[in-house]
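Asks: Spelled out from the first residue to the last, the chains are:
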Amino acid sequence: MDSALIPKEAKRCSFPVFAVGIAVAGVIVLWGVYAMGLCWLKGLNQTNMNDYYGFALWIWADLAVIAIGGGAFFTGLLKYVFGIDELKNIINLAVVIGFVCYSSALLILAIDIGQPLRGWFIFWHANVHSMLTEVAFCLSLYFSVLIIEFIPLILENRKLDKIPFFHHLSHNMHGVMAVFAATGAFLSCFHQGSLGGVAGVLYGRPFAFREGLLVWPWTFFLFTWSAAAYGPCFTLTVLKIVEKITKKKLVKDNVVYTLAKISGWMITTYLIAKIIDTVYWALVTAPSLGFNFMSFYSNNKFYGLWILFAEIVLGGIIPAAILIKKDWRENSKLLILAIVLGTLGVCINRWVMVLQVMAPPVMTFDTWALYYPSWQEVATTVLPVAYGVILISLAYRYLPVFPQEKELNAE
Amino acid sequence: MIKKHNKAKAHKFGMVIDLDKCTGCGSCMVACMSENNVPFKENETNKKDSITWMHVYRLTNGKSFPDTEICYIPRPCMHCGGKGDHGHSPCVSVCPATATDYDYTTGIVSQIYTRCFGCRYCMAACPYHARYFNWWDPIWPSGMEKTLSPDVSPRMRGVVEKCSFCFHRYQAAKDTAYFEEREDITEDEYQTACAQACPANAIVFGDLNNSEHEVYKLVKPDPYHGGRPKEPKAFRLLERLGTNPKVYYISEREWVRKAGDNYVKGKEKDHKKHNTE
Amino acid sequence: MSEIEEKIENSSVNDDKVGLAQENIKGDSGLGLGVIFFILAFVVFFLSGWLLFPKLLYSKKQQPFNFNHRLHVQEMGDCESCHSFREDGSFTGIPQIGMCVECHEEQLGDTKDEEIFVTQYVENEKEVPWLIYSRQPDCVFFSHAAHVIGANMDCKTCHGDIGESTISKPYEVNRITGYSRDIWGKNIWGIKKHSWDSMKMDDCAECHLKETQSKGACFQCHK
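Chains as they are written, first to last, in the working numbering: chain V, 1 to 411; chain C, 1 to 277; chain F, 1 to 223.
Since the hints were made in silico from the structure, they are not lab data.
It cannot be assumed that every hint is accurate.
Stated by the list, open to error - Distance ranges between label pairs, derived from CB positions: (1) V/W306 <-> F/N174: 44 to 50 Å; (2) F/S84 <-> V/W375: 37 to 43 Å; (3) C/G84 <-> V/L106: 16 to 22 Å; (4) C/T68 <-> V/A273: 45 to 51 Å; (5) C/Y104 <-> F/F142: 18 to 24 Å; (6) F/C139 <-> C/R253: 38 to 44 Å.
To be verified - Rough simulated footprint, nothing fancy, chain V against chain C, three-plus residues with beta-carbon under 8 Å: (7) 87 to 101; (8) 113 to 127; (9) 167 to 174; (10) 213 to 223; (11) 234 to 241.
To be verified - In silico EDC-like cross-links for lysine to aspartate or glutamate, where the CA-CA straight-line distance does not exceed 16 Å: (12) C/K47 <-> V/D366; (13) V/K42 <-> C/D137; (14) C/K146 <-> F/D113; (15) C/K83 <-> V/E211; (16) V/K240 <-> V/D253; (17) C/K258 <-> V/D366; (18) C/K48 <-> V/D366; (19) V/K326 <-> V/D253; (20) V/K159 <-> V/E9.
All values derive from a computational prediction rather than experimental measurement.
Glycine is no exception: its CB is placed at the ideal position from the N, C-alpha and C atoms.
Next comes chain V alone, as it looks inside the complex:
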């Protein structure tokens, strides 16, 4: 039915099967869109946020998708700037994932604000001292870079490629892609960093506050580093899921191992910095503001030392160890464990740096603020996931995302 659009010599499931799959994800998208509409029309009273807990589940999702979408800029940097050429076999997937993640992040920001029609104030009346301003500018700019990186792939669709103009356009865009990859990496350093800065500059919130370099708190650098380190984990996780669903091998092992190894060393170096940061904060920063380290992890029903353990050990040390040791990362089960744990690890880190920040009391006579999301928040947070499934499915079906697919699946 749609065979004319499917890349040559590629096997895809029949259209009805595909349509059913898309429809299932589509229903979830509709549910999310309905919830989003409620938030826009009725206001943020649709959420369970309150004056003590002004950041919702979806803000965590926002930070998390940007972190795991970091695979796009980092893989681009490795391929185009550092010249690791074999990564061309996975870069398309990284770009598609990045596109999904960043478009979702921008959508979430548009839902999150109380007066969406005034959203442009962040650009027009920008306060240059605010980390959020930096986030907004770099995020929008980097999203445009991602669009530019995504277009050539779309134009490689069998049907579109027949149009000479598109064929040449796509070819020429590939030629200058290094410039955009470098720009993307530059912008990413700043928006990933400024997202880290969002929490780190809050000197009224000892749980989040970090000293730093000039105007940038340490979290600024940690966020950039962790997005680069963990982003590839998510890229690989998605690759494994796509391979599982399509029952096909799509990228050669040596490519996967290269990316996994780089990710492993990045996570290791990040962890060293993160642990130093945590220890310094626990022993120097927090006490100087009058807080015991343990006061952030006790006297409440949810946050205990387990979250620190989950973030640093389960989501950090274990995946790092697996990924840097050759035997372990080349064991398929261990590799999957590592990339999944890595993805979860960075998501927990983002949770800690945005949602846990809201929880501990600062005034001595104040109480812990705990929060659970309303269904509208859950639906709008699930929305990007379902949207991502649809977009990645469409891309896989109609675009030559995996250059090695033909070779690996030749009969």
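Chains C and F: place on chain V using the hints.
Replies: Below, chains C and F alone, put in the same frame as chain V:
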């Protein structure tokens, strides 16, 4: 002529609250709400999304009967001078759209409702929970619109609001001063609604830069340390964070003064956690 | 994406399966047609933006009756005689009917407008529902005392020649914001020739920066 008026010495308006006098009656909260057109919900059960620019907290010394003691702490916006007292208040520095700013001529932190787009970053930045979000559009009981103050603009859904130290009263006082061709306003001309409403006279308001004013005499702010009180019985909330608030508290009771800040165990003698109930 | 596709499709249908880009290079006739189309479209959109848009954006209302400022200034001597300060320094704005009645208890002249005023408002003791050209949005605080007494400014700097007017111009209101057109100014691009041409925040800030070396803090003008 214009220059003359702008050369007037900078004010630094602040508040001193005597916690030993405060009875926790809540008059300040009521006066504030009616003065500033603060919206309310039909059902105020969930206090965490109610708006109270002035909020009275209750704390105890944590001891059992008969040694139990109670103290009430009214908490308006602290109008922080921020680190180094240069106007980089926790909230002002983070607002992405410049919807809140620090006025160097009065020391007051503004909130501009028509500029705010409701990202709530300032609320996350404020350790005092002095900032409130309008989760709903205000609904006034029929006829009540007519009793709203024309000097304070009502807020719409989706923006943040907070105590303004009744800035419109400062504007009105200045108008009178201009009309009478006076250089400056007097202490009693500009008083906040809460200060005037307090039946126990626990709240005193004035210019911390003016040694004639009562607030100055009560706490003796130290200009070299961001206005930290030199008066030993006076304290500010969360002094260690370096927010440099302009709201001071006074108490004879040591446990009350201790409750104003956090202390690491072992580093400070007689450290106790005091909890609200 | 789909838009581009559509364009391509349309052009290939029209021009015998030749892409738009190539078509321009190929024939002079096509280029000429394109230029004419471009100019035509430009003129249409430019004119509708210049002439039609303001008409759509603003609705017009007439004042209850005409007010002759020139005549009143001649009779009363100056603006302050009617637009005065209260004792607390607040500004009265447009006088209430009590002040007018001091002269207009009965009709003084023979104009239709005065007749409406006396018969409909004075005799019924009803305030005139004037539409205020310079009414600022609700979030704005403006101190006449600071400007007129404190800074010795004249009325004209902000209000222009209204004291010279003999009739009341129509009150134009922005359909989206509900604000008077005098705030944005007559010129749709926001270009102004006189200090009184518009009364936006930027206009206030411009003068404040010049005269006081600071635009001022937000609360200086916002409430």
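Asks: Would you mind marking each hint as holding or not holding in the structure?
Replies: Hints and how they fare:
1. V/W306 <-> F/N174: 44 to 50 Å: Given a distance of about 57 Å, which is not inside 44 to 50 Å, the answer is violated.
2. F/S84 <-> V/W375: 37 to 43 Å: violated, 60 Å
3. C/G84 <-> V/L106: 16 to 22 Å: violated, 36 Å
4. C/T68 <-> V/A273: 45 to 51 Å: For V/A273 against C/T68, whose Cβ atoms are near 48 Å apart, the range 45 to 51 Å holds.
5. C/Y104 <-> F/F142: 18 to 24 Å: At 21 Å between Cβs, range holds.
6. F/C139 <-> C/R253: 38 to 44 Å: holds, 43 Å
7. 87 to 101: holds (count 9)
8. 113 to 127: With 12 residues closer than 8 Å to chain V, the region 113 to 127 of chain C meets the three-residue bar; holds.
9. 167 to 174: With 0 residues close enough to chain V, the hint is violated.
10. 213 to 223: Our answer is that it is violated, as 0 residues pass the Cβ test (under 8 Å) against chain V, missing three.
11. 234 to 241: Check passed, 4 qualifying residues.
12. C/K47 <-> V/D366: holds, 13 Å
13. V/K42 <-> C/D137: The given pair, whose Cα atoms are some 10 Å apart, holds under the 16 Å limit.
14. C/K146 <-> F/D113: violated, 32 Å
15. C/K83 <-> V/E211: holds, 13 Å
16. V/K240 <-> V/D253: holds, 11 Å
17. C/K258 <-> V/D366: Holds - the C-alpha atoms of V/D366 and C/K258 are around 14 Å apart, at most 16 Å.
18. C/K48 <-> V/D366: Given pair C/K48, V/D366 holds - Cα atoms ~12 Å apart, limit 16 Å.
19. V/K326 <-> V/D253: holds, 13 Å
20. V/K159 <-> V/E9: holds, 14 Å
In terms of the numbered hints stated before, the structure departs from hints 1, 2, 3, 9, 10, 14, listed from lowest to highest.
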